[in-house]
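Colleague: Read off the chains here:
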Amino acid sequence: GAVVSQHPSRVICKSGTSVKIECRSLDFQATTMFWYRQFPKQSLMLMATSNEGSKATYEQGVEKDKFLINHASLTLSTLTVASAHPEDSSFYICSAAEGLGNQPQHFGDGTRLSIL
Amino acid sequence: AQSVTQPDIHITVSEGASLELRCNYSYGATPYLFWYVQSPGQGLQLLLKYFSGDTLVQGIKGFEAEFKRSQSSFNLRKPSVHWSDAAEYFCAVGGVTGGENKLTFGTGTQLKVEL
Chain A
1 GAVVSQHPSR VICKSGTSVK IECRSLDFQA TTMFWYRQFP KQSLMLMATS
51 NEGSKATYEQ GVEKDKFLIN HASLTLSTLT VASAHPEDSS FYICSAAEGL
101 GNQPQHFGDG TRLSIL
Chain B
1001 AQSVTQPDIH ITVSEGASLE LRCNYSYGAT PYLFWYVQSP GQGLQLLLKY
1051 FSGDTLVQGI KGFEAEFKRS QSSFNLRKPS VHWSDAAEYF CAVGGVTGGE
1101 NKLTFGTGTQ LKVEL
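Those protein sequence lines, which keep their order, are chains A and B.
Heads up: the first sequence is residues 1 to 116, going by this note's numbering.
Heads up: the second sequence is residues 1001 to 1115, going by this note's numbering.
For the record, the hints were derived by calculation from the structure and aren't laboratory data.
Check each hint, because a few of them may be wrong.
Coverage of chain A stretches by chain B, computed from C-beta distances (three or more under 8 Å per stretch; other residues unrestricted) [unchecked claim]:
hint : region
1    : 44-56
2    : 104-114
Straight line, CA to CA, 20 Å or less: simulated EDC-like cross-link-like pairs of lysine to aspartate or glutamate [said to hold, decoys possible]:
hint : chain 1 : residue 1 : chain 2 : residue 2
3    : B       : K1112     : B       : D1054
4    : A       : K41       : B       : E1015
5    : A       : K66       : A       : E22
6    : B       : K1049     : B       : E1015
7    : B       : K1102     : B       : D1085
8    : B       : K1049     : A       : E52
9    : B       : K1102     : A       : E98
10   : B       : K1068     : B       : D1008
11   : B       : K1102     : B       : D1054
12   : A       : K41       : B       : D1085
13   : A       : K20       : A       : E98
14   : B       : K1102     : A       : E59
15   : B       : K1112     : B       : E1015
16   : B       : K1102     : A       : D88
17   : A       : K41       : B       : D1054
18   : B       : K1068     : B       : D1085
In this text, a Cβ means the ideal position worked out from N, Cα and C, and glycines have one as well.
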């Protein structure tokens, strides 16, 4: 149980392209979804937290207009990297938690984004 | 602010040997503690979690961790390591802030298993 599907797993595109990444909870309803960015050989940095039907809460230093998050339903959240540039290349991982409080986060397999 | 320290960046053990990965946390209240494992190019898999109760927590794949409040530690252990355990291990501390359970991750420990 508690499966999170993230798609696509890898994206390679030209600079200036907007890229959408989907995160789905397959067998549970995710009250909260999280988006992380991971640089090579580093830890996960939380970018934003999204709750279904409300605006995402962004961490300090994360550009809201660059990283657009939509949490349209209890099973789907999307991250759109607007007008991506090479410095946006990274590994992006989503996670989903069922309910509030101390529920563990379940992670997708990540998306490797490479901007040429 | 909550924080997690994983002092060991790399650890190498022989297959069949015991393993202990260290984790120290800083948190103002009773922490929720987690260990996750990440294989290359993949997401994170939850190994085990501590919320309350018994301080020795059993997880999947034969892993266990012990919460020691006096030492602010939550070390991960396994009695006999298998080659398939080679991966990156992350300790995380969570807490409810404004109703949201945010996680703060340590920098990770890369485990290499020698055959």
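Colleague: Now look at each hint and say whether the structure bears it out.
Modeller: Consistency of the hints with the structure:
{"no.": "1", "hint": "44-56", "verdict": "holds (count 4)"}
{"no.": "2", "hint": "104-114", "verdict": "holds (count 8)"}
{"no.": "3", "hint": "B:K1112 <-> B:D1054", "verdict": "30 Å, violated"}
{"no.": "4", "hint": "A:K41 <-> B:E1015", "verdict": "24 Å, violated"}
{"no.": "5", "hint": "A:K66 <-> A:E22", "verdict": "16 Å, holds"}
{"no.": "6", "hint": "B:K1049 <-> B:E1015", "verdict": "25 Å, violated"}
{"no.": "7", "hint": "B:K1102 <-> B:D1085", "verdict": "27 Å, violated"}
{"no.": "8", "hint": "B:K1049 <-> A:E52", "verdict": "25 Å, violated"}
{"no.": "9", "hint": "B:K1102 <-> A:E98", "verdict": "13 Å, holds"}
{"no.": "10", "hint": "B:K1068 <-> B:D1008", "verdict": "19 Å, holds"}
{"no.": "11", "hint": "B:K1102 <-> B:D1054", "verdict": "23 Å, violated"}
{"no.": "12", "hint": "A:K41 <-> B:D1085", "verdict": "18 Å, holds"}
{"no.": "13", "hint": "A:K20 <-> A:E98", "verdict": "23 Å, violated"}
{"no.": "14", "hint": "B:K1102 <-> A:E59", "verdict": "11 Å, holds"}
{"no.": "15", "hint": "B:K1112 <-> B:E1015", "verdict": "10 Å, holds"}
{"no.": "16", "hint": "B:K1102 <-> A:D88", "verdict": "23 Å, violated"}
{"no.": "17", "hint": "A:K41 <-> B:D1054", "verdict": "33 Å, violated"}
{"no.": "18", "hint": "B:K1068 <-> B:D1085", "verdict": "24 Å, violated"}
The structure is inconsistent with the numbered hints 3, 4, 6, 7, 8, 11, 13, 16, 17, 18, although it conforms to all the rest.
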